[in-house]
Amino acid sequence: MLINGARLQLQDLSIVYDGQITAVDSVSLDVEPGEFLTLLGPSGSGKTSILMTVAGFVPAASGRVLVDGDDLLGRPPNERNLGMVFQDYALFPHMSVAENIGFPLKMRNWSKADIKQAVDGALEMVRLTGYENRRPTQLSGGEQQRVALARSTVFDPPVLLMDEPLGALDRQLREHLQTELKRVQSRTGITTLYVTHDQQEAMTLSDRIAVMRDGRIEQIGTPAELYDRPATRFVASFVGETNLFRGRPTGSGSGAMLETGNGGQIPLDGIADLPRDEMIEISIRPERLTIGGGARCTVEATIVEVGFAGEMIRVTAQTSSGDQFRIKQQNRGQAGQLSAGTSIQIGWNPEDLVVLEQPVD
Amino acid sequence: MAVSAPQQATGQVATRNRREPKNVFQRAYRQWADYTYIMPALLAMFFVIAYPIAYTIYLSFYSTPTAGENVWNGLTNYTSIITAERFWMITQNTMYWTIVSTILAFIIGTAAALVAQREFIGRGLVRGIFLIPWVISHVATAYIWVWIFHSDYGLVSGMLMDLGIISSPLVILDSTTWAMPALILVNVWKDFPFIMIMMLAGLQTVPEHLLRAAKIDGASTWAQFRHVTLPHLKGVIIITLLLTIVMNLNHFTLPWIMTGGGPASSTHIWITEVYALAFRSLRFGIASAFSVILFIIMMSMAYFYVKAMTAGDDRRR
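The listed protein sequences derive, respectively, from chains A and B. In terms of our numbering, the first sequence opens at residue 1 and continues consecutively. In terms of our numbering, the second sequence opens at residue 1001 and continues consecutively.
Chain B with its partners taken away, still in its complex shape (with noise of 0.2 Å):
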C-alpha cells in the first residue's frame, strides 16, 4: 500500500517521539509487566541470596567473640586482613591457583575440542573418555588422587619405585613445593572436559564455507585456525575463560579435602581460608569481611560476564 507524504511525515515524528529514554528508572517503568511476571522469582532469590549477603555485611563490621554479644567495630576486620601478611600469602596462592588451572586447562580443553572435533573411528569413546573427569564427583576426585599421591601406598610412588627410577617414596601432598602444583594436577583434570565441551560447541558453529574460502586463499591448517577458527570463537572463549576463573576461585572440594591448606597454609586460598576463619577458628566476623572482599571480586567478574553474553545484544540494537 502506498503511503502518503504526510503519514510518512508522521511517522517519522512517531518515531522520534519512542526513542528509548535515557534514564534507566523510565526506562523500567515501561517495562513494568515484565518485571511483574519475574517478580516470584526476584522474591525467590532476595530470601535465599539477598539476606544472606546482607547480613554477611552487617557481620562483617562486628566482633563476633565466641561468647557474648556481636561488638562493632567498624572497618576493623576489613584492615586486619588487608594489613596481614597472610592474606597476601593466601592472595598469591589463589591467583597462582586461577590463574595456572585456568590456563593449563584451556590449552589442553581446547586441544581436546579440536581432536575430539575430528572424524576418526571410536570418537564417540574418545569424547566419553574425555568426559569421564567432569563427571566424576570432587569428593571422590580428590580421595582417588590423594590415593594417587600418598607418599607410603601411593600409585605414582609405588609405580617409580617398582620401575627403579626413585629409591624413596615421592613427598606431594605433604610437600609446600609439591602440594599445590599437585593440586593444580587434578583441577586440570577435572576442568578441561567442561573447555572441551564448550570449545566443541563453538567449533562446531565455525561455517564450513568460511574455512574452504580460507583454504583456497591459501592458509595452511594453522592459518586458517588463527585467522578464522579462532575469532569466530572469540565470545566463546572469553565466557569460558571467564566462568572458568569464577569456578577456580570458588572452587573448595579438591584443596579442602586433599590438603586441608597445608602444609603450612601452602595451598590455602581464599576460599578455604575464609572456612577456616568461620567453622574452624569460629571468627565470623572477619570471616564475613573476607568474604565481602571476595563478593566485590566476583561481581567484577560477573560485570565482564554479562557484557561478553550481551555484546552481540549491543551489536544487533
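Excised from the complex, chain A in its bound form (with noise of 0.2 Å):
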C-alpha cells in the first residue's frame, strides 16, 4: 500500500487564546508530501496549539492551513479527511479493536465488505492479525498505540497528525514503537505532523524537526543540520547536550581565539568571517571533544568530576580561568585514569564548533 501524501502548508498561523494569550506567532510552515516532520519544543512552545488548529479542534486568529492548496480553516474536524493519533490513545472502549479500525471507514459509508478488507489490511501493517475481537482494555499500552495508529491510517488520510503519540509508554517499549512508527509511514507514503519534546524522538523518526519556542519556530532543518549546526542557544543546548561559551573574537587565522574573560582563552583556529569587538557565542558538543592530544585546536584543563554512564564517561573540566567542558568519551576503559584534579588537554577541530546565528545580549 503506498498512499501518496498531500503538502500541508501553515501560512502566518496565529493562535490566540481567550483573546490575550499569543500561544503561536505568525508561523509559516511547509510539509513536503510524504515527509515526516516533526514539531519539537517545551511545554508552552506552541507546538500542540499548532496541531489542534490542524485537526480543527482549536481556531486560528488569522493565517491558513493548506493541503495541496485547500484551505482547511473554517471547516470542522470530521470535514478535513485528516487522521490523527492522540497520546492517550483515544479508542473506543465499547467497541473491539476491528470495529476501533473500522470506524472511520463506517463514518466514510464503505460497505462491510470493503471495511473488513482494509481492516485486516492494516491490522496486518500493525502486525496485529489476530487481534480483530478483543477490546481495548485487554491490550497492552503498546498495542493499544498500534490499533490507534492503524485506525488513524486506514481511510489513506492525506496529513497525519500525532499528538505525542509515545508519550504514555515506558522507555523500552517506545523505542520499539518508534521503529514501528517509522515503517508504517515510510511503508504508507503519508505526510505527517508529529508532535513531541523529547528530542531524541525528534531525531529518530523525522526527516525535518521544526524546534518551537514561545510560539515560534526558531529553526527547522534536518535532525542533522538541528544537531551539527544550531542556530541559536536555545536549539543548540534543546536539541543534545553543548558546551556554550560567550565572548569576543580577537586575533586571525590560526591565532584566532574566543575571549571568554577572566583571561580565558577558547582557540578559533580556522573560523573565518568572525565580527571583530562583538560578543558571540559559541557551541561545541560534549562528544566532539577529545581528551589528549592530536586535535587542532586545545586548552589546558583539571578534571572536576567524573561521571560513569555504561558505554559512555562523562567528564568535566575547568580551564584556569573557570571555563567549563563537558565531554563525553566512549567508555573503552579509560575511566581508571581519569579522575578529579588530574589535569588534561581538552583538543577539537575547528569543523566541529559552531558560532550562533543568534546575537548575544
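What the hints contain is simulated information worked out from the structure, not anything from laboratory work. Where hints are given, some of them may not hold.
Claimed, not checked - Simulated restraints, written as ranges between beta carbons of each label pair:
no. : chain 1 : residue 1 : chain 2 : residue 2 : range
1   : B       : Leu1243   : A       : Gln200    : 52 to 60 Å
2   : B       : Ile1238   : A       : Asp156    : 54 to 62 Å
3   : B       : Ser1220   : A       : Ser43     : 27 to 35 Å
Unchecked claim - To be clear about the criterion: a stretch of chain A counts as covered by chain B if any three or more of its residues have a C-beta under 8 Å from a C-beta of chain B, and this derived list gives those stretches:
no. : region
4   : 70-78
5   : 102-113
Because the structure is a prediction, the values reported are computed rather than measured. Note that CB positions come from ideal geometry on N, CA and C, so glycine has one too.
From these two lone chains plus the hints, build me the complex, please.
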C-alpha cells in the first residue's frame, strides 16, 4: 500500500487563547508530500496548539492551513479528512479492535466487505492480525497505540497528525514503537506532522524537525542540521547537550581566539568571517571533544568530575580562567585513568565548533 | 526481592487453596465480620420493612370482614384479583401510564440534559428553570395542574376560549379519553428534571478525547452521539430507566389527588387501586394480595436494577 501524501502548508498561522494569550505567532511551515516533520519544543511552545488547529479543535486567530492548496480553516474536524493519533490512544472502549479501526470507514459509508478488507490490511500493517475481536482494555499500551495508528491511517488520509503518541509508554516500548511508526510511515508515504518534546524521539523519526519556542519556530532543518549546526543557543541546548561559551573574538587565522573573560581564551583556529569586537557565542558538542593531543585546537584544563554512564564516560573539566567543558567519551576502559584533579588537554577540530547566529544580549 | 522457585510454587498453591468457595453460605461465613457491622441496620430494616411485608403476605390469605375475625381463604384473594376484568383494565392503565410517562420523560430529560450541557450565556438560569418541576411537591403540583385543566375556570380552557379557538370549555380531567393523557403530561413535567440530572451527570463523564477522536474520524454530531456518547451512557440509561419505571409504578399522589382514579376508573393504576381497596372499601385481605402481586413485580425490577448496578463490579473482578 502506498499513499501519496499531500502538501501541508501553514501560512502566517497565529493562535490566540481568550483574545489575550498568543500561543502561536505567525508561524509558516511547508511539509512536503510524504515527509515526516516533527514540531519539537518544551511545554508551552505552541506545538500542540498548531496540531489542534490543523485538526480543527482550536480556532486560528489568523493565517491559513492548506492541504494541497485547499484551506482547511473554517471546516469542522469531521470534514477535514485527516488522521490523528492521540497521546492517550482514544480508542472506543465499547468497540472491538476491528470496530475501532473500521470506525472512520463506517463514517465514510464504506460497505461492510470493504471495511473488513481494509481493517485486515491495517491490522497486518501494524502486526496485530488475530486481535480483531479483542477489546481495547485487553491490550497493552503498545498494542493500543498500534490500533490507534491503524485507525488513523486506514482511510488513507492525506495528512497524519500525531500528538505525542508515545508519551504514555515506557522507554523500551517507546523505542520499539518508534521503529514501528517509522516503518508504517515509510510504507504508507503519508505526510506526517508529529508533536513531541522528546528530542531523541524527534531525531529518530523525523525527516525534518521544527524547533519551537514561545509560539515561534526557532529553527527548522534535518536532525543532522539541527544537531550539527544549531542556529541559536536555545536549539543548541534543547537538541542534545552542548558546551556554550560567550566572548569576543580576537586575532585571526590560526591565532584566532575567543576571549571569554578572566583571561580565558578558546582557540577558534580556522573559523573565518568572525565579527570583530562583538560578543558572540559558540557551541561545541561534548562528544566532539577529545582528551589528550592530536586535535587542532586545544586548551589545558583540570578534571572536576567524572561520571560513569555505562557505555559512556562523562567528564567535567575547568580551565584556569573558569571556563567549564563537558566531555562525553566512549567507555574503552579508560575510566580508571580519569579522576578529579587530573590535568588534561581538551582538544577539538575547528569544524566541530559552531558560531551561533543569534546575537548575544 | 528475588523469589526462589520453591517460594513461587508455594505461592501458587496458596492461591489455589484460597479460591472462592462456590457455596453462598461458605462465602457469607468468611465475611462474618462484615455482616456483624451491618447487623444493626439490618435489624432496624427488619422491623420497619420485613415485618410489614410478612404481615401483608399473611393477610393476603385471609378474608378480612369489617366485623369479626379474619377467615383463612387460601389463594382465593389472588384468584379473584387475577380473574377479575377490572384487574386487567387497571393493569392496562398502569402499563399505559408507566410506559408512556417513562419514554416521554426520558426523551425530554435527555434533550434537556444535552441543552443544559452546552456552554451558553444563561446556562445556569436555564438549568435552574428546568429543575423547578422537580422541587415542587407532588401535592402542590397536582393542585396547580388541576386548576390549569379545570373545565370551568381552568387556565387552558380560559385561554383557548379567550383566543377564540374553542367556544365551550374543554373537559379534560373529567373525560375518560383525556384524563390519563393529562395525568401523563403532568407526570412527565414532574419527572423529566430527574432524568435530566442523571443524564447530565453521565454526559459529563464522556471523555473529551473520545469525542475528538470520533470527530477527526469523520463522525457528524449525531454520529458522535450515536457511536460514542450513547454507548458510554449505557449504564446510566439502564439505571435511570429502571428507577423511573419503578417510580411511575409506585406513583400515587398525582393520580389520586388529580382524579382519584376516575372518571369511571380510567385513571386507576395498581397503586391507587390498592389504596382504594384497603382504605375506601376496607378490604384489607384482597388489598394485601394485590400488594403482594405488586411486590413480586417490583422485586423483579429491583433484580434488574441491582444487576445493572453491579455489572461493572463483575467486569472488574
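The hints, checked one at a time:
The hint said 52 to 60 Å for the Cβ distance between Leu1243/B and Gln200/A, and at roughly 54 Å that hint holds. Checked against the given bound of 54 to 62 Å, the beta carbons of Ile1238/B and Asp156/A, roughly 39 Å apart, lie outside it. In this structure the hint that Ser1220/B and Ser43/A lie 27 to 35 Å apart at CB holds, the actual value being about 33 Å. Proximity of the region 70-78 of chain A to chain B, defined as three or more residues with a beta carbon under 8 Å from a beta carbon of that chain, is established by the 3 residues found.
Coverage of the region 102-113 of chain A by chain B holds in this model, with 4 residues showing a Cβ closer than 8 Å to a Cβ of that chain against a need of three.
Hint 2 alone, counting from the list given before, is not met by this structure.
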